[in-house]
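**Student:** So the chains spell out like this:
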Amino acid sequence: MIKLLSSMRFAFWLLLSIIIWLFIGAMLTIHDNFYYAIKEMGNELILDWILEKSSNSPTVLIWFIGLCLIGFLLAVSFIFCTWYNLLKVARKQASLKSILLFIIHILFVIIMALHLGSMLLGYKYSDVELAVGQEFKFDEGYSIKLNKVHYIDDINVLKMKYKEMRKYHTRNGFHYKDNYAQLTLKQNDKEIKSEKTSMLSPFKYGCLRATISYFYLPKGSESDTPGIKLVIAKNYFNELFFIFYALEIISILIFLLITWKKK
Amino acid sequence: MTNQHLIYIYFVTLLLIAINVIFVLTKKYKLIKYTSVLATISAGSAYVGAYLVSGHLPVYDKFATIQNIVFIVIILGLIYNRKAQNKDKSINILWFFVLALQLFVLTQKMEVTGDYYMYDKSYVILFFQLRITSIGFFVFAMINLVASIINKSDFKIQDLLIHRARNFTILGSIVFLLGEFSGSYWCFLWWGDPWHWSKGFFIASVMFLLSMLSSHLPFNLANTKLKKTIYSLIALCLILTTYLLPH
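Residue numbers (the numbering used here), protein chains in the order written: chain Z, 18 to 280; chain P, 32 to 278.
Worth flagging that the hints you see were computed from the coordinates, not collected in a lab.
Fair warning: this is a prediction, and the values are worked out from it, not measured in the lab.
Be aware that a few hints might be false.
To be clear about the criterion: a stretch of chain P counts as covered by chain Z if any three or more of its residues have a C-beta under 8 Å from a C-beta of chain Z, and this derived list gives those stretches [unchecked claim]:
{"hint": "1", "segment": "55 to 63"}
{"hint": "2", "segment": "199 to 208"}
What follows is a list of derived Cβ distance ranges for each label pair [unchecked claim]:
{"hint": "3", "chain 1": "P", "residue 1": "ILE38", "chain 2": "Z", "residue 2": "HIS48", "range": "33 to 41 Å"}
{"hint": "4", "chain 1": "Z", "residue 1": "THR187", "chain 2": "P", "residue 2": "ILE38", "range": "18 to 26 Å"}
{"hint": "5", "chain 1": "Z", "residue 1": "GLN151", "chain 2": "P", "residue 2": "ILE110", "range": "26 to 34 Å"}
{"hint": "6", "chain 1": "Z", "residue 1": "GLY88", "chain 2": "P", "residue 2": "GLN35", "range": "33 to 41 Å"}
{"hint": "7", "chain 1": "P", "residue 1": "PHE42", "chain 2": "Z", "residue 2": "LYS114", "range": "23 to 31 Å"}
{"hint": "8", "chain 1": "Z", "residue 1": "LYS210", "chain 2": "P", "residue 2": "ASN34", "range": "46 to 54 Å"}
Think of the CB as a built atom: it goes at the ideal place given N, C-alpha and C, for glycine as much as any other residue.
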């Protein structure tokens, strides 16, 4: 059994399976219904999506379960192959090449585990619409309030549909650094932090981030002041994810450099 | 400079590539050197021109990105063909590949992507540019694999070509991952997460995993050099197809 789980054959077929499965996922997004269902998966933690919304789209749920199954088997294959083959070779040969191969695989498993962690732990709220003066209450007694919006560009562009709007969002048409929102974070009604937040420059407090994804015009509002669409997320693994991702790239690069010349 | 000028440059590059293909077919190897330099200059002008017209380096439109890939492949061809001591070691087959790529542009809208406010961020441009570069490396790996199949008689050269293909496949994967790293950072700042369930994420994962396939071929499946080469070639072809597919 161990021989099978740690074999290259098992790893190869699983790799092929996950490629096909992901390709099916990509094909599903062509259909509007599936596109929105898959988009919804990313709007909150996957666990919340499974419990609350997955029943609306059984096909996507089945696809997701299949992905988890293949992903799990691939992780098993990775762990067994790393432990029984690569570690053995690294110990026996003690060469930089074999040690690096071992490290690359270990790092890949860690990155996958961090992906899993970020899907399960913390919380996430997407498309939170806030008009000036409005507040959004969420976990741990936190609330975030939009105090003020400073918007210098043409407000009429915000009335357009996304694709049309994009044509006007040029470097001269949309000044993302000058358009900002004044946000205040409170915990149990006690102010913790208040700062100006613009697009691509999120509001940060520990592992908590409030990211402006868009400015929008609140429906029914007579005022010409835009509101903001926020993504509020608490994720413990983001920084670690980037660190291990960078380490993985560096390890593969060193591996390539030492094996570049054919012996 | 306007988009119309870019179209003229495109046809000049196409013509020079086509001339090189004729030289390869008629075995006029000495002349290839000169037209290669001209083709590189022309493809380079398309790259610079795309920047001048759109205000940013090529991002995702097939008109500019494929010419960008062609530029990378031609440069690599120049470097490696220069090192080649005899015509057997050269990889003139690359001119057929770049001709096919350049012709593919004809099926696309011949216009560079317009401006977008995020294009002044280096990580946004790097996301696109590194992906384009990685595809260039994958195409170069494909060229070496095909050259190794053609070059059956000399085992030494064949091994050299296969090893070079292996190097450029791994290098392509590294550059692709670097691009994804930039993309993740962009996604993190825009959407609050380093990655998102989306078609883009699935396609990127498929491309990366395909690049990993050739280094995970089981012995019972790829028990000969030729089989290993063909399977690796299929994986690389699929990466290129995935990239060229409209999405």
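**Student:** Could you tell me which of the hints above the structure violates, numbers in ascending order?
**Tutor:** Of the numbered hints given earlier, those the structure breaks are 1, 5, 6 and 7, listed in rising order.
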